[in-house]
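A.B. asks: Each position in the sequence shown, counted from 1, maps to that position plus 121 in the numbering used here.
FYI, nobody ran anything at the bench for these hints, they're computed from the structure. Bear in mind the structure is a predicted one, so any value in this text is a computation, not a measurement. Honestly, I wouldn't trust all of these hints.
Claimed, not checked - With a cut-off of at most 30 Å between alpha-carbon atoms, the simulated DSS-like pairs for lysine-lysine come out as follows: (1) Lys361 to Lys319; (2) Lys247 to Lys337; (3) Lys361 to Lys337; (4) Lys247 to Lys197; (5) Lys204 to Lys247; (6) Lys197 to Lys361; (7) Lys319 to Lys204; (8) Lys360 to Lys319.
Stated by the list, open to error - Distance ranges between label pairs, derived from CB positions: (9) Glu331 to Asn284: 23 to 33 Å; (10) Asp365 to Arg210: 40 to 50 Å; (11) Leu333 to Pro368: 20 to 30 Å; (12) Glu331 to Glu287: 15 to 25 Å; (13) Phe194 to Asp174: 37 to 47 Å.
Ideal placement from N, C-alpha and C gives every residue a C-beta, glycine not left out.
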Amino acid sequence: MKIEIIVRRGGEVLASTQAERVAALCYEDAYQEGDEILLRCDENAYLWLQLEDSFAPALVYFQAGEFRFPIPFGDKRVCYSQKAFFGTRHLLFARTATAEEIATRRNLAFNPMDHHENTAAFPHAKANVETRGEAWFAARNAIDGNIASAGHGLYPYESWGINRREDAELTVYFGRPVRVDQLVVTLRADFPHDNWWKEATFRFSDGSQEVLQFEKSGLPQYCSITPRVTESVTICEMKKDETDPSPFPALTQLEVWGTEV
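Use the sequences and the hints to build the structure in full.
C.D. replies: Right under this line is the structure:
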């Protein structure tokens, strides 16, 4: 199986590498606006992916084709570490996962490289609202692995913000069927600025659902669920604390634990 990593500016290739099963590229220059990273793979594959060396590696399911990641600048950078994408030496890395790694029970919703236009590297998060369209309230923040919940806005307090929408919902797509058995929810807890959700419904692609209750806490809340096979999970019908004067509940992180089918 062939893996190709490219750094590109407009139509110009700035650096690239191509290899079987394992590819590592050192790009020795500063990123500029308009730069993007391309990852190409000629087969569906489970890949360990680390296209920014300040991110933790993520085990993603890659659908054959091309994954494009535009280097963020300005307001689009605020949901990332101040270390991310800076400097003049960047390590980009991808390798195929082993059978043992693929079989391991893990958080199937973790992908710090996710973004709005991602259609190839799963999981992928998508929501029907993001507060004012700002990057620090984007859906991808809920699956980036960061559980710092005591603030809101600039990294490390990025979250999924719902802009006060009563019909807000966020879906995590896995790109293939997976078996899930536990949800871990970290509510944003910038109290007293924030409200919090007492309850939320989780819907699965098999047509089933779970209604879960939460406590007023910024710590991860572990919720065992009936095991099921699904291709997505949607959090919706969130009910905030009606006695709290704040109109701003939000989600810091959603973890979906399980295994491959």
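A.B. asks: Now tell me if each hint is right for this structure.
C.D. replies: Here is how each hint holds up against the structure:
no.: 1; hint: Lys361 to Lys319; verdict: holds, 6 Å
no.: 2; hint: Lys247 to Lys337; verdict: holds, 25 Å
no.: 3; hint: Lys361 to Lys337; verdict: holds, 10 Å
no.: 4; hint: Lys247 to Lys197; verdict: holds, 17 Å
no.: 5; hint: Lys204 to Lys247; verdict: holds, 26 Å
no.: 6; hint: Lys197 to Lys361; verdict: holds, 29 Å
no.: 7; hint: Lys319 to Lys204; verdict: violated, 35 Å
no.: 8; hint: Lys360 to Lys319; verdict: holds, 6 Å
no.: 9; hint: Glu331 to Asn284: 23 to 33 Å; verdict: holds, 25 Å
no.: 10; hint: Asp365 to Arg210: 40 to 50 Å; verdict: holds, 47 Å
no.: 11; hint: Leu333 to Pro368: 20 to 30 Å; verdict: holds, 22 Å
no.: 12; hint: Glu331 to Glu287: 15 to 25 Å; verdict: holds, 20 Å
no.: 13; hint: Phe194 to Asp174: 37 to 47 Å; verdict: violated, 18 Å
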